Amino acid sequence: MPQAIEALSDDPNELKAMLLAERARNERLVQIIKEMQRHRFGRRAETLPEDQMLLALEDVEQTEASAAAEKESRSAAERSEAARQRRRNRGALPAHLPRIETIVDIEDKACPRCKGALHQIGEDVSERLDIVPAQFRVLVTRRPKYACRACEEGVVQAPAPARLIEGGLPTKATVAHVLVSKYADHLPLYRQAQIYGRQGIDLDRSTLADWVGRAAWHLRPVHERLLEHIRASTKIFADETTAPVLDPGRGRTKTGQLWAYARDDRPIGGVDPPIAVYVYAQNRKSEQPLAHLYGFSGVVQVDGYPGYRALAQKNSVSLAFCWAHVRRRFYDLAAAGQAPIAKEALTRIGALYAVEKDIRGRNADERRAARLDKSRPIVDALKPWLREKLALISQKTKLAEAIRYALSRWDGLTRFIDDGRIEIDSNIVERAIRPIALNRKNALFAGSDGGAEYWAIIASLIETCKLNGVDPQAYMADVLTKIVDGHLASKLDELMPWAYATPAVLKDVA
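Start counting at 1 in the sequence shown, then tack on 15, and there's your number in our numbering.
Simulated DEER-style distance windows between Cβ atoms:
#	residue 1	residue 2	range
1	R164	Q209	52 to 58 Å
2	R213	P259	28 to 34 Å
3	F151	Q297	37 to 43 Å
4	E239	G365	39 to 45 Å
5	L503	W400	58 to 64 Å
6	P259	A149	28 to 34 Å
7	R114	D434	50 to 56 Å
8	Y309	L503	22 to 28 Å
9	D493	R164	41 to 47 Å
10	F151	D493	16 to 22 Å
No lab work stands behind these hints: they were computed from the structure. These numbers come from a predicted model, not from an experiment. The C-beta atom is built at its ideal place from N, Cα and C for all residues, glycine as well.
Given the sequences, and given the hints that come with them, work out the whole structure.
Take a look at the structure:
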């Protein structure tokens, strides 16, 4: 603090300008915090996209960096201190990156005082991150032909290596890059074509679409195997989101659905790798999850959508509901104005989440014991309290709807207390839905039902890669190469994303 005070200017006008700038920055940060709170707890129609909030934070950080650069330009001491702080906080660069060394040496190695020969006693080494822009290259394959001079019959030549697209231009790595750019980085194909065009590569959008479709066809068995792993699990999450699809017959889009199924037992120390798999369907009917999860036996954690009730009618499946959806309804009412009942409900639900915060990362038995001890009394008191309040208010109000929503799903909402494997909410699968929403925002709609199916296939592999800490680009390139080279269908588990993960990543808690 003394150093900071000493660094202040003695000029009153400059001090006033600094104070005004700091006040403006603080006001902007307060506004961003409010927007983040609205994003987290606000009405769905009013929530802000995460990337929009990040842009706002970037503006504040850029302004701060500009002011710091101006201050450092006027003071050598400021520059030295800033450099020391950056060296301390930046961390080490990954060891696998190639190093290009440059030696900055003195020209005269004679002592400046006595002119004797200098000898090296050490060195200072600094590392900076450099980047070479994406560069296209051409792989040339030559296959010499041979003939016999003696008999002059027949030509001998090595067989051509298998290609993902026979007669086509791309390598498997190129196609993998297109897939990841479209489905992980949310770059539509026409934008990718524009990027390639800036480097003189004339690739039509339809050509890229052909590559995506062919790659998706090859990856379909891997996607189906992911779904089989979901069906073999004992506890999963399910959700669904719209997938607008072009409907040429009517000249407009129709509303398809991407159903999402996820497994992630890392919060309870589970050993099964996390999975996120999407399945496209043309509607939101209950027959869809019945077909997707055929043969599944266990717990499915979902929101309150009635379409999942058909699953619960099977003796082998039980539904666990999501407290975040209950809380969201009461929050909407509390945020709108005076709503003492809604605020009290939020306080009681918040107590449940406080228990969950304390037991996150513990095994299922420990979680169950803690919930029976701390959460059970909360829900036992909450149910009669909700019934009591429901009897006192108009049945046509939003508050009554919120209370009935909770009471009508009570068994599923409280199932997590007696089963330590179950989470209090379905946020895990909702996080898996977000990349789909981002891609939908950029691409607007799929061109056909087939395109939506490709979307589901490739997005499943990419999102599962991300959950397991695997680079989607390297994974896609390797898997496509192995499939084209004739990888056995009986060994599909070798192509699962977690087969490419390091053990340390699999142990990380989400």
